[in-house]
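Enquirer: Next come the chains, spelled out residue by residue.
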Amino acid sequence: MSLNPSPRPPLSEAVASGPFESVERSAAKPAPAEAQPAVDGAVGYRRLLPVDWDRYLVRIGALLVAALGWHLASTYGFDFFVRFDNVPGPLVVGAEFLAQASSQEFYVHIFHSMQRIAMAYGLAVVLGVTLGVLMGRSRFAEDVILPYIEILRPIPAVAWIPLAILMMPTEQASIVFITFLGALFPIVINTVHGVEQTPKVLVRAARSLGASNAAILWHVVLPGALPSIVAGLAIGMGVAWFSLLAGEIISGQYGIGYFTWSAYTLVEYPKIIIGMLVIGGLGSLCTLLVRKACSPLLRWQTEGAKS
Amino acid sequence: MMPSQLTRAAVVEHPHSFRPRSAGGKGRISVRDLDIVFATGSGPQRAVASASLEIQPGEFVSLLGPSGCGKSTLMNSVAGFVKPTRGEVLLDGHSIVKPGPDRGMVFQQHSLFPWKTVKQNVAFGPLMAGAGAREAESVANTFLALVGLSRYANAFPTTLSGGMQQRVGIARALANYPSVLLMDEPFGALDAQTRSMMQENLLEIWGEFKNTVLFVTHDIDEAVFLSDRIVVMSASPGRIIADIPVRLPRPRTQELLTTPEFMALKRECLALIREQTLRAFEQQNQAG
Chain A
0 MSLNPSPRPP
10 LSEAVASGPF
20 ESVERSAAKP
30 APAEAQPAVD
40 GAVGYRRLLP
50 VDWDRYLVRI
60 GALLVAALGW
70 HLASTYGFDF
80 FVRFDNVPGP
90 LVVGAEFLAQ
100 ASSQEFYVHI
110 FHSMQRIAMA
120 YGLAVVLGVT
130 LGVLMGRSRF
140 AEDVILPYIE
150 ILRPIPAVAW
160 IPLAILMMPT
170 EQASIVFITF
180 LGALFPIVIN
190 TVHGVEQTPK
200 VLVRAARSLG
210 ASNAAILWHV
220 VLPGALPSIV
230 AGLAIGMGVA
240 WFSLLAGEII
250 SGQYGIGYFT
260 WSAYTLVEYP
270 KIIIGMLVIG
280 GLGSLCTLLV
290 RKACSPLLRW
300 QTEGAKS
Chain B
0 MMPSQLTRAA
10 VVEHPHSFRP
20 RSAGGKGRIS
30 VRDLDIVFAT
40 GSGPQRAVAS
50 ASLEIQPGEF
60 VSLLGPSGCG
70 KSTLMNSVAG
80 FVKPTRGEVL
90 LDGHSIVKPG
100 PDRGMVFQQH
110 SLFPWKTVKQ
120 NVAFGPLMAG
130 AGAREAESVA
140 NTFLALVGLS
150 RYANAFPTTL
160 SGGMQQRVGI
170 ARALANYPSV
180 LLMDEPFGAL
190 DAQTRSMMQE
200 NLLEIWGEFK
210 NTVLFVTHDI
220 DEAVFLSDRI
230 VVMSASPGRI
240 IADIPVRLPR
250 PRTQELLTTP
260 EFMALKRECL
270 ALIREQTLRA
280 FEQQNQAG
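These protein sequences, in sequence, are chains A and B.
Mapping of the first sequence onto numbering that gives the first Met the number 0: position 209 corresponds to residue 208, and the numbering continues sequentially without gaps.
Mapping of the second sequence onto numbering that gives the first Met the number 0: position 272 corresponds to residue 271, and the numbering continues sequentially without gaps.
Please keep in mind that the hints were generated in silico from the structure rather than gathered at the bench.
Where is the CB? At the ideal position from N, CA and C, for every residue including glycine.
Be aware that one or more of the hints could be misleading.
What the hints assert, rightly or not - Not close to chain A: a few residues of chain B, all C-beta gaps over 10 Å, as computed: (1) D34; (2) P56; (3) K82; (4) G103; (5) P113; (6) A172; (7) N175; (8) A191; (9) M196; (10) R278.
Unchecked claim - Simulated crosslink set (PhoX-like; lysine-lysine; CA at most 25 Å straight-line): (11) B/K97 <-> B/K82; (12) B/K25 <-> B/K115; (13) B/K97 <-> B/K209; (14) B/K82 <-> A/K291; (15) B/K25 <-> B/K209; (16) A/K199 <-> B/K97; (17) B/K115 <-> B/K209; (18) B/K25 <-> A/K199; (19) B/K209 <-> A/K199.
As the list claims (entries may be wrong) - Output of the computed footprint for chain A on chain B, the stretches with three or more beta carbons under 8 Å from beta carbons of chain A: (20) 93-101; (21) 238-245.
One chain only, chain A, in its complex shape:
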C-alpha cells in the first residue's frame, strides 16, 4: 500500500526537474522517434493522475471481479458447501444503499459510531503513548505495567461486554470503554518497541552536545520512535472499529453495529451487507486519515529512503 507522497528525484537533480520527470523519461525511451507526439499526449494525461495510477486501476479491477462473482453466485443460487441462495446480490444491496443514504437515520447511526471512536481513540492515544514511553524508558515502569498488558491484551472485546455493562455508569460509557481497550494495546506495544529501539549512538551524541534527559526524550527518543508509534496508531484505529462493533451489537440503540445487528434480527438481509461495507469503509478511511495526519512528521524517513 503506497501512502507516501510521490517519489522525487535525488537532491542534485531536483532543481531542474519536476516530480514526474522519471515517469516521462521511462515512457519516452523505448518509443521510436516518429511516435514522439503520441507519447507526449500520454504524458499529458499522466500529469493529472496519481503517480501509481495503474496500480490503483488494478485494485479497483480486483474489487469489481469480486462484485461480479458475488452477482453471479447470488443470481444463479450458487450452493456448494457455501450457500448464496439467501444472499442478496450487489444490485439489490446497491438499491437499498441508495434508499438508506437518503434517510436521516442512517447518518445518525454513523454519527454515533464516529463519536464513540473519537472519544475512545483520543483517550487511547494519550494514555497509550504515555504508558509506552514510560515503559520504554524505565525498567521499573515496564515491570509494573507489562504484566497487566500481557494478561489483558489477549481478552477479546466481546468478553469485556458483561463486565463493562456491570461497571460503567452508562451504556455509552461501556461501549467507549470497550473500544478504548481495543485501541490501547497496539498503541502501547508499538510505542514501547519504538522507544526501546533508540540507537545508543544518537543518545551519546546528544549527551555530548549538552542535552538534558528531557531534551533527549524530546529530540531523540520520541522522533526515533515515531515510525513505530504511527504504525501502532494505525493498527489501533483498526482494532478500535473492531471493538466498537462488538460493543454496539450487544448494547446501544444507535451506531452502525447496532444497525447491522438489528437488520439481522429483523431479517433485512441487504441492510446487513450495507452495515458491513460501511464498517469496512469507515474503518479503512479512519486508518488512512491517521497515516496521512502523521506523514508530515515522517518526512525525514520517506526522503531518506529515496537516496
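Based on these hints, arrange chain B on the given structure of chain A.
Expert: Quick look at chain B alone, frame taken from chain A:
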C-alpha cells in the same frame, strides 16, 4: 568542493571569530593510572590497564592500536561515557564525571539525527547551550560554511554521502566551541579517496581552531599524517606501549606520504602494531 577557499570565505563572511572561545590554553587532558574493567558473561574483562597519558592544549594526538585493544574505551572515558574502575581522567584539572559540550564527539558513522535537517543537526549544540533559535541557526550556518556544506543545509542527513555526513558531524561537534575534539575512527567507514580528502580537510579546520584533538584509529598512515603524537596501545588489556612524537612540518599535504621521514615513522608504528595484532590473534585462538 571543500578546500581552503571555502574555509577562508567562511571566516571572512561571518562576524563570529572561531578562536577566542576555543583556544586560550584550555583542553589539557590528563589520564592517570587508568584501569577500566567491564563485567561480561565470562567474568570481568580488563579493557584498559594502567594507562597514563598527558595531552597538552592544542595537541593533535592519535590513539593507535589493533581492533578491540581498548582505545575507544579510553576515549569514551575522556568523553564521560565510561567511568574509570581505578585511576582518574582530568580535563584542565577537573575530574571528568559525565559527557559535556566542552568535549565535542565525532563518531564513526550514523550519528546524525536522521529526523533533523543538516542545519538543525549543527544547531543542536548551541540550542542545548541556551542560544536562541536565531543565534543557533547563525552558528550552524557558519560551521556548515566551514565544512563546505551550506548548499545542503536543508537536506536530511540520509540523503548525503558518507563523507558529507562525517563533515556535518564535525561541524556539529565544533559548533559548541569545544576545547577538546574526540574522534572515534571518524573516517573508518569511508573509501580511501574520500578518507584522504577528509584528512586534509580536518587539518585545515583544526588549523582554524587549534583545539586539542584525540583521534582513535587503526590506520597507521592516518595517524602519522594527522598527529603531533601517536600513542600506541597493546592488545587487550589495552596498555600504552609507545608514545611516538611526529615532527613533520605543517601544513601537511598528500606529498608528505612518500617522504622518507614519513616512511620511517610508518615503519616504526607498523612493527609495533604487527606485534600486537599477532598477540591479539593468539589470544583469540586460545580463547576459541
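Enquirer: Against this structure, judge whether each hint is valid.
Expert: Results for each hint:
1. D34: It holds; B/D34 is separated from chain A by about 22 Å at its closest Cβ, greater than 10 Å.
2. P56: 19 Å, holds
3. K82: B/K82 is indeed farther than 10 Å from all Cβ atoms of chain A, at 14 Å.
4. G103: Incorrect as stated: the minimum Cβ-Cβ distance to chain A is 7 Å, not above 10 Å.
5. P113: The assertion about B/P113 is violated, with a minimum of 6 Å to chain A.
6. A172: Non-interface label on B/A172 violated, nearest chain A Cβ at 8 Å vs cutoff 10 Å.
7. N175: Given a closest Cβ separation of 6 Å, the condition is violated.
8. A191: 22 Å, holds
9. M196: 19 Å, holds
10. R278: Holds: least Cβ distance 29 Å, greater than 10 Å.
11. B/K97 <-> B/K82: 9 Å, holds
12. B/K25 <-> B/K115: The given pair, whose Cα atoms are some 31 Å apart, is violated under the 25 Å limit.
13. B/K97 <-> B/K209: Status holds; Cα separation ~24 Å.
14. B/K82 <-> A/K291: 46 Å, violated
15. B/K25 <-> B/K209: 10 Å, holds
16. A/K199 <-> B/K97: 16 Å, holds
17. B/K115 <-> B/K209: 29 Å, violated
18. B/K25 <-> A/K199: 29 Å, violated
19. B/K209 <-> A/K199: 30 Å, violated
20. 93-101: holds (count 4)
21. 238-245: n = 0 at 8 Å, threshold three: violated.
Comparing the model with each numbered hint stated earlier shows that hints 4, 5, 6, 7, 12, 14, 17, 18, 19, 21 do not hold.
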